[in-house]
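Protein sequences, first through last, are from chains H and W. The first sequence lines up with residues 1 to 152 when you count with this note's numbering. The second sequence lines up with residues 1 to 729 when you count with this note's numbering.
Don't read these hints as lab results, they were simulated from the structure. Any given hint might turn out to be false.
[Said to hold, decoys possible] In silico DSS-like cross-links for lysine-lysine, where the CA-CA straight-line distance does not exceed 27 Å:
#1 H:Lys-145 to H:Lys-69
#2 W:Lys-251 to W:Lys-200
#3 W:Lys-572 to W:Lys-559
#4 H:Lys-145 to W:Lys-279
#5 W:Lys-427 to W:Lys-251
#6 W:Lys-577 to H:Lys-69
#7 H:Lys-145 to W:Lys-617
#8 W:Lys-391 to W:Lys-427
#9 W:Lys-279 to W:Lys-302
[Stated by the list, open to error] Coverage of chain W stretches by chain H, computed from C-beta distances (three or more under 8 Å per stretch; other residues unrestricted):
#10 220 to 232
#11 613 to 627
Everything numeric in this text was worked out from a predicted model, so none of it was measured. Note that the Cβ used here is the ideal one computed from N, Cα and C, for glycine as well.
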Amino acid sequence: MPVTIQVNGASHTLDTTPDTPLLWALRDHVHLTGTKFGCGMAMCGACTVHVDGQPTRSCVTPVSAVQGKAITTIEGIESVVAKAIQAAWTELEVPQCGYCQSGQIMSATALLEKNRQPSDADIDAAMAGNICRCATYVRIRSAIKQAAEQLA
Amino acid sequence: MRRITQNKPRTQGTSRRDFLKLVTTAGAGLTLAMNLPLAMAADTAASVAAGDFEPNAFVRIGTDGRVTILMKHLEMGQGTFTGLATLVAEELDADWSQVVAEGAPADASRYNNLLFGTVQGTGGSTAMANAFIQMRTAGATARAMLIGAAAQRWQVPAAEIQVKQGLLSHAASGKSAGFGELAALAAQQAIPDAQSLRLKDPADFAYIGQSLPRLDRGKTDGSAQFTQDVQLDGMLTALVAHPPRFGASVKQYDANKALASPGVVDVVQIPSGIAVLAKDFWSAKKGRDLLDVEWDESAAFKASSDDMQREYRALAEQPGAVARADGDATTALANAATVVEAVFEMPYLAHAAMEPMNAVVLVNDTGCEIWNGEQFQSIDQNVVASALGLKPEQVRINMLFAGGSFGRRANPHGDYVLEAALIAKAKRGTPVKLVWTREDDTRAGHYRPMYVHKVRAGLDASGNPVAWEQRIVGQSIMQGTMFEGFAIKEGIDSTSVEGAAGLPYQIPNLQVELHSVEQPVPVQWWRSVGHSHTAFSTEVIIDELARAAKQDPVDFRLKLLSQHPRHHAVLKMAAEKAGWGAELPKGWGRGVAVHESFNSFVAQVAEVSVQDNGSFKVERVICVVDCGVAINPDIIRAQMEGGIGFGLSAALLSEITLDDGKVVQSNFHDFQVLRINQMPAVEVHIMPSAEPPTGVGEPGTPPIAPAVANALSSVTGQRFSRLPLKLSS
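So here's chain H without its partners, still in its complex pose:
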């Protein structure tokens, strides 16, 4: 049974089962591979996308649950906040291996969209679901603060 989803402003009708996680619909059917597979159980955050603006773990979200909702992936983030986050990420050379960074950026963008002046505790709370095995955490924290300053 085909499923239709809205990704980065475009409509995609997919030949897949309704229980397919959004992650795999995006990667294997829409061919947007910036959203990453890390754990499959919402433990690592590598698969984070925005669903109606909310950071969402796409690996445990069935595609049937997001029909009619606006899905934004790393390839489609365009807000001023997102651009500021990406710029800070590049300037501070946050990524090492880079595999988790799409998810980190999606979580960080969602944080700053809601809270333009996050404290360390706010950052920890918003970002603790995103594992970085390279442990780029020091720079993630700095980059979020730098983006916040730039947006202020």
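Assemble chain W onto chain H, guided by the hints.
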């Protein structure tokens, strides 16, 4: 085959086919003569004598002025692409904006790791160390040929031509040209003898030491290409049902339900299990869940970690093979005024890279093509060739970015790559992407081995250390690998005892022994290898000796390091930068550790806070590293930060345990790793040095666990001999 990957990698991944096209259509473009043979070599590697093209195998300059630098080492986050390219660009006097990095093909005759002999691979924190002169020479060669071209075209003496930031100029005539304009003519110049090239004096370095921006871009917009992202026409995704215990195998299976599941295309048996192939991941996963497999567990390993630990502890009471013997430790211990003693336990550890293991393989009539975050070309090429009945050069490898590795993608037996190749062999002509789930990855073995160390150390009546006896018990990583011959001597696997056998402290009677235990649990090097456990036991015991001698732990160490100036210097600087001795808030403590690994020297001071409820937090780490010439200081800082975070996962959280032979942990809920709320502030200082560059990928990891343990001891008075660290209530 049509690629449907939407975002081409920005800095690498040009396939051999694309590259050949580039060479033939660009014609005049590819000017340095070095490049044509390079392109051909993919098909004729066997006929290329080792070394023939080595000085020239790393640089390609197009008529558009683009400088493509071929990367013989994997970029898995540690900054190799940027570091290697910096070395070439430095001597080439290229402008950094014209430089791009591209993964080199698998061809050990040109891309071998000079510290691994004839082997191509990345590991042991050797990228900068082995390539420092090689890459600079490659850049200088290209520069000399560009100058030759300019001299010929302008009819001026070569010695009068300047090169700066990608521009050649001749002051007297006012002529100037970019690399692209001269590329075709440069290709016709004689390749200079490497001996005739003069590399820059360090005082003239323009890029080395300057923290150039990283070249591995595409990591903030989703466009960087990892193995997981490879999409090829007609490609199938394979998931494999593996046995639940090491040593078990398939007895029989029923694939009917799996085959009836939507999207499933085929089910094939391979030596390591049953592979389900489907048109996408989710279909393959559901198909695998429907497999009915009966396992033959007659040869399965069914021990538990607790049993193994008991066995190891018993062995630690017996003399082992001697790795180092200075003086007479037994007598000195018997005569010592004070003896401190501890038995250390360190668990198996998974690498748990964020990108679970995966590989894409196509087997067809011409051979085999692999797409992989390829860390060990020579092993994988040979293992796959042997399994498929091919010549090694028929196994072509596209080296993609790796989503972390920490050693895992350099499997000494090519485990997951071989698994993918055997599935692809069964589906000749169809590209197959093998995907391990997190659970597959966590339970597949190839762990940092479990170890027990017993250490006894003695002081004389004046508080001077006089004796040290250390017994290490654990599996050998090198046994059964291609490195066995030179890594294991007289029963000693040097990687089991490294960091202990090389203890730098001046102790007259010192004995280090090893029991190499054989177990069916596969083991592998894990970021910092032996140092990941030896730094912990040695630096905790040194602290305990200092305490027993009633001396300051920094002063105590400094006195014992007078013959080791680089240890001494990093330790002294770390103590100064940390404000060692200055007052801390109530409940806080400091701990220190210093350790050499991979010829780099790192000292760390950890500050911890202990709460009334018995929990604790690592608040701040001050790190000093001496890695010789600092090629890219910002990447060095990043590697120290990351190495500390990686080490903290093991210090605070992670362990793999076995219960009745089964791996207990499966995913990040029970194999826990560090998260941002547990990451301390980190301050990194780089020791100025003119020594040749050494590694930074691993040396940041070993000192953090003992530094934290020593800090916790300073607050609580408790002793720590087990990882991960836990305070007793």
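Against the structure, the hints come out as follows:
1. H:Lys-145 to H:Lys-69: Distance ~30 Å between Lys-145 of chain H and Lys-69 of chain H Cα, so the pair is violated.
2. W:Lys-251 to W:Lys-200: 64 Å, violated
3. W:Lys-572 to W:Lys-559: 11 Å, holds
4. H:Lys-145 to W:Lys-279: Cα-Cα ~43 Å, so violated.
5. W:Lys-427 to W:Lys-251: 23 Å, holds
6. W:Lys-577 to H:Lys-69: Violated - the C-alpha atoms of Lys-69 of chain H and Lys-577 of chain W are around 52 Å apart, more than 27 Å.
7. H:Lys-145 to W:Lys-617: This hinted pair holds, its Cα atoms lying about 22 Å apart.
8. W:Lys-391 to W:Lys-427: Between Lys-391 of chain W and Lys-427 of chain W the Cα gap is close to 20 Å, so the pair holds against 27 Å.
9. W:Lys-279 to W:Lys-302: 36 Å, violated
10. 220 to 232: It holds: at least three residues are needed, and the stretch 220 to 232 of chain W offers 10 whose Cβ sits within less than 8 Å of chain H.
11. 613 to 627: Our answer is that it is violated, as 0 residues pass the Cβ test (under 8 Å) against chain H, missing three.
In the structure shown, a violation is registered for the earlier hints numbered 1, 2, 4, 6, 9, 11, in ascending order.
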